[in-house]
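*Asks:* Protein sequences appear in the order of chains A and B.
Going by my numbering, the first sequence opens with residue 1, and the numbers climb by one from there.
Going by my numbering, the second sequence opens with residue 1, and the numbers climb by one from there.
Mixed in with the good hints there might be a few duds.
Partner residues are not named here, just some residues of chain B that face chain A (Cβ under 10 Å, in silico) [stated by the list, open to error]: (1) Val151; (2) Glu155; (3) Tyr227.
Pair by pair, the computed Cβ-Cβ distance ranges are [unchecked claim]: (4) Asn6(A) - Ser210(B): 32 to 40 Å; (5) Arg230(A) - Ala215(B): 40 to 48 Å; (6) Gly254(B) - Lys194(A): 53 to 61 Å; (7) Asp213(A) - Phe241(B): 28 to 36 Å; (8) Leu251(B) - Lys194(A): 27 to 35 Å.
Hints in this document: simulated from the structure, not taken from any laboratory.
Idealized CB from N, CA, C, for every residue including glycine.
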Amino acid sequence: MVRFENVTFEYIRRDEEGNVDSITTALDELSLHIKKGEFIAVLGSNGSGKSTFARHINALLKPTEGKVVVAGYDTTDDDNILEIRQRAGMVFQNPDNQIVAETVEEDVAFGPENMGIPTDEMQKRVDEALKKVGLYKKKLESPNRLSGGQKQRVAIAGILAMKPDCIIFDEPTAMLDPGGRRMIVETAHELNKKDGITIILITHNMEETVGADRIIVMEKGRIALEGTPRQVFSKGEETLKKYGMEVPVITALAQKIGLDGCILTREEFVDAYVKALE
Amino acid sequence: MIRDITIGQYYPSESVIHRLDARIKFIGTIAYVIALFLFDTFWGFLPALVWLGSIVVLSGIPIGFIARGLKPIFFLLVFLVIFNLFLTPGEVIAEWWIFKITDNGLENAGFMTLRLTLLVIGSGMMTYTTTPSQLTTGMESIFKPLGVFKVPVHEVAMMMSIALRFIPILLEETDKIMKAQQARGADFESGNIFKRAKALIPVLVPLFVSAFRRAGELAEAMEARCYHGGKGRTKLHPLKFSAGDYISLVLIIGFVVGMGFIP
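So that you can see chain A by itself, here it is in the shape it has in the complex (with noise of 0.2 Å):
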């Protein structure tokens, strides 16, 4: 689905005279190959690349050297682009910053309508969308009355909308309260099984990773740790304190009170912990 072949990217600083100034490599000869449907979750520290990583999925930004392949399509092909970007849409930051429109149901209408897709085709689409992040009631209000889940919801639903077979995750819940992060979560894991979109979740937060087929720890531009949860969280806190991560509060807690193995979820505790107590 998505392949980097030996991706570096730099950001070229320049001075009045556009002479270069200063080079700060964000990407360094990274090379990843991500699965169809498969829900991966990217680590790392502020700088470590993550978001310029995110940002080349969908052709924002382009290698300096190497080659990226989305669904068969190279980024650096500008007839390629659009291509791409219906293919992999991406969920931003800042909610407020995303959303153009002034009605829930344009807004969500907005990628499709730039693909230039039929009106009748694009209200079934924009309906269809709606009503799977939960939000089909409010398609007629103003985003400005929504939550901020809520309008990474609607986000969410314009991507949808798009029909694409990928969806990238920028930090989408760094602005949230605990409630919204929660449902952003859910509803990335919903589409990932239900609709087997690959999904690819950007974050800070240890515990949105654990759910995650895969996790990417970047650092400086390279990939620092690869696997599953299980096997990333159970490197022991040295190692994950080097890259700016720590485990999950169950698992700490888990450690803390002497249960067996890497314990990531409420479920596995409980079980754990019954089977410690017989």
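Take the given structure of chain A and dock chain B to it, following the hints.
*Replies:* For chain B alone, kept in the frame of chain A given last:
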């Protein structure tokens, strides 16, 4: 709440007038304004009043709401009446100290007041019955032919609708910045007008910075959703003329032509 403010003072309702195509309402308003200047006897006000009256009745907007729209021009009207009443030469019909009211003055004052009032109410009716977004879509469609002369019609319409969406957000942000500054001892309420204007600079600077940041993020989000200008774009709610719109168009033409025949 600051989020609830409406721009263009739309009055939500489901009336016949509300449901008309925005383009018809726009053209109708222009035609009405022109018609108001086609006559120069009092007889002309009769059909204009009937026309406006029937629109008001059909729209179901309360008279009080419409009257409130006249508030901003109240002083202008008073000035117009005073100047016309006392300064127009003609046959004096009433006199007191240095003030003279002439027959021409009385006529002019009445004429101007009526014309201006009808003008303001008439154009107000368009904004009361059409949402800003409908109005933008309508204008985009009307001015589309200007694209031939390289006028960026779609871009301007897109900018207008985005501006409308962000006005409440930026107002709220202004409020937040002002509160933050006040918490640190800023004073916006005392001093003369220059002092107060100067006190606003520390509010405007962060507001502009944030507006530019928002613009950048929004542009990126729009691009990520396949936005590539107006070419090949379709609409969720395309403007479509219904039977009612065609009837209105005929009525509008009839009205303007009829007004042209008034002596």
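*Asks:* Now tell me, hint by hint, if it's right for this structure.
*Replies:* Hint check:
| no. | hint | verdict |
| --- | --- | --- |
| 1 | Val151 | violated (21 Å) |
| 2 | Glu155 | violated (14 Å) |
| 3 | Tyr227 | holds (5 Å) |
| 4 | Asn6(A) - Ser210(B): 32 to 40 Å | holds (38 Å) |
| 5 | Arg230(A) - Ala215(B): 40 to 48 Å | holds (43 Å) |
| 6 | Gly254(B) - Lys194(A): 53 to 61 Å | holds (58 Å) |
| 7 | Asp213(A) - Phe241(B): 28 to 36 Å | violated (53 Å) |
| 8 | Leu251(B) - Lys194(A): 27 to 35 Å | violated (53 Å) |
Hints 1, 2, 7 and 8, counting from the list given before, are not met by this structure.
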